[in-house]
Amino acid sequence: MNQKYNPALFWFAVLNAVATFLLIGLGGLVTSHEAGMSVPDWPTTYGYNMFLFPVDKWIGGIFYEHSHRLLASVVGLLTTILAVWLWLQDSRKWIHWLGIGAFLLVIAQGILGGLRVRWQLDWLGVPHGAVAQTFLVLTCSIALFTSRWWIHSAAEKQIYVPRGLRSHVLYVTILIFIQLLIAATMRHQHAGLAITDFPLAYGKIWPATTPEAIAHYNATRPAGTFGNPITAFQVNLQLIHRLVAYTIFLGVAAAAGLARKKLGGRDPLTKFAVFWLVLLSLQIVLGAATIWSNKAADVTTLHVMVGASALLTGMLWWLVAQRRTRLAG
Amino acid sequence: MKKSLLLLALGIFAMGRIAGAGDLTGTISLKGTPPAEASFASKMQDDPNCSVLYAGKYPTTRFYVVGANGELADVVVSLQGISGKSTGASAAPVTMDQKGALYVPQMVAIQTGQKLIVKNSDTFIHNVHTTPTANPESNQVQMGGGADLTYTFDKPEMFLKFKCDVHPWMFAWVSVFDHPYFALSGPDGKFTIKNVPPGKYTLAATHRKLGTQTAEIEVKDDGAAQNFTFEVK
Ligand code: HEM
Ligand SMILES: [Cu+2]
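Protein chains in written order, with our numbering: chain D, 1426 to 1754; chain E, 12 to 244.
Hints are computed from structural coordinates only; laboratory data are not their basis. Each hint should be verified, as a subset may be incorrect.
Unchecked claim - Partial chain E-side listing against chain D, Cβ under 7 angstroms, derived:
| no. | residue |
| --- | --- |
| 1 | 82 |
| 2 | 138 |
| 3 | 148 |
| 4 | 150 |
| 5 | 151 |
| 6 | 152 |
| 7 | 176 |
| 8 | 177 |
| 9 | 178 |
| 10 | 179 |
| 11 | 220 |
Glycine included, each C-beta is placed from N, C-alpha and C at the ideal position.
Only chain D is shown next, with the shape it has when bound in the complex (with noise of 0.2 angstroms):
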């Protein structure tokens, strides 16, 4: 329990989340252009070794994707070296194992990717995007725990963090991670828009699913819609997503009234709670402007990194929040 923060350490881990976040981005980038298959061979990429591509090649999707497999392989190797890292420099043994999850995570990502890719399997784009977000909240969290404050808090006075407040924001997290699930699900669809108006959904608050409305959505969809035609199930899937990003507000909205009330304006977690709401508000506004667009790639993708966003955002919350609750003891 003697850890000595480690600057350098904590920088690489911290680079290493940074990469993680980036190639969050450009794995939305993938998805947004509808790139993912573009590339059909793997490891190889078009029959080359993937580091001798050549950059003529890199046309339409195949840049995207491309470039995805290369980020990929930078953050392979980061965690490799920052699990070595921590193994051999840091005192805490529960940090090696996280290191070494953290190892076997990306190795798992990476296969996943190539599977889908080799087995045509589109669906395993859902997992794949899953693990993406829970390994950056991992990458994320060995960068708390190898940060200054956390290893030096020990020997400051801490203050207590209700259990209600803790558990509010742990469950509103949770509720985030679904919500992923759910957009990834969206996502790998391939569909175009399920439902192309917002705040109302074909007019209505909740519009008909029948198979008559469905055709009849289909018939007179707005052109640009070039996937296959929609079903049910995609309008049902996307009212759940803005029901589940409505909870999910009021919940980021309560947290930061609740710690406002509980630890007072001032203390850095209710501002980093402030920060969490400023962030949904974002979202929502993405949410919309995605529709809006009629799914504009680079407008999507931020949808993307600002939901990762907010997931990582309460998961530190959290995190920090039972730190300091211990250590207040």
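Add chain E with the ligands to chain D, keeping to what the hints say.
Below, chain E with the ligands alone, put in the same frame as chain D:
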């Protein structure tokens, strides 16, 4: 001499009747104004190959291929309730090209076991990705000017989708039948299903966006005719 010619003509006519197969023809039309097609401009202009190829005049989707008087092309017309009659193995192959980062034609109909040859006339890469519902999925590399790819499908399926993920606007739809009694309507809205044995059938006409219409028909020795009218509401 004249008499024998007449007899010969009669004979040929009689043989046609004994073989008992007439052509089933018709015209498909569209009532109403279809929704506007989407331009590929926003996607194509970021692509160095396509921006040069099309120099500012980008193509659009072609979901509703409609003539001046409402003639509707790309409708799949087929007899229903027939199966296990495929002559695909001995039928001539059908070719589909990739040209200017588009599938040409974009709407194809073949039989089970019939060869579909996919060419790449472009100088750049495509991936040829099928996303079937009944047949196995596949995704293959095709380099610029690369060797042709050959496909056959074992199971009947409507609108089996071909796509290229390098160029996310590229789609083609291949309908697969396990009998030879189907046709696609042309730019004049007309279709012909050849050599249909006489009898009563259900004839279906399916447009990818407008759904399916059916008609009960009777094919006589000299064939039959049946028109369909789709409507955009
Ligand atoms: C709590 C708030 C929200 C969160 C955390 C969230 C999260 C996400 C995430 C992470 C994705 C991408 C999933 C992936 O590719 O793996 C996504 C997709 C999507 N979100 Fe949200 N979202 C929220 C609110 C909204 C709202 C209010 C709307 C408005 C209707 C919306 C509309 C969409 C749409 C249409 C997609 C699918 C885009 C596509 O198919 O590419 N979201 N969401
Ligand atoms: Cu292509």
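Against the structure, the hints:
1. Interface hint status for residue 82/E: violated, as the beta-carbon distance to the closest one in chain D is roughly 19 angstroms, over 7 angstroms.
2. With a least beta-carbon distance of about 5 angstroms to chain D, the hint placing residue 138/E at the interface is held under the 7 angstroms criterion.
3. Because the beta carbon of residue 148/E sits about 4 angstroms from the nearest beta carbon in chain D, less than 7 angstroms, this interface hint is met.
4. Hint status for residue 150/E: holds, given a least beta-carbon distance of 4 angstroms to chain D, under 7 angstroms.
5. Contact between residue 151/E and chain D, as hinted, is supported at the beta carbon level, the nearest pair being about 6 angstroms apart and thus within 7 angstroms.
6. Below 7 angstroms, beta-carbon pairs count as interface contacts, and residue 152/E has one with chain D at about 5 angstroms; its hint therefore holds.
7. At about 4 angstroms, the closest approach between the beta carbon of residue 176/E and any beta carbon in chain D falls short of 7 angstroms, and the interface hint on this residue holds.
8. Hint status for residue 177/E relative to chain D: holds, with the closest Cβ pair at about 4 angstroms, below 7 angstroms.
9. Given hint, residue 178/E at the interface with chain D, holds; its Cβ is 5 angstroms from that chain's nearest Cβ, closer than 7 angstroms.
10. Nearest Cβ of chain D to the Cβ of residue 179/E: about 4 angstroms, under the 7 angstroms cut. The hint holds.
11. With a cut of 7 angstroms, the hint placing residue 220/E at the interface with chain D holds, because the nearest CB-to-CB distance is about 6 angstroms.
The structure fails hint 1 only (numbered hints given earlier).
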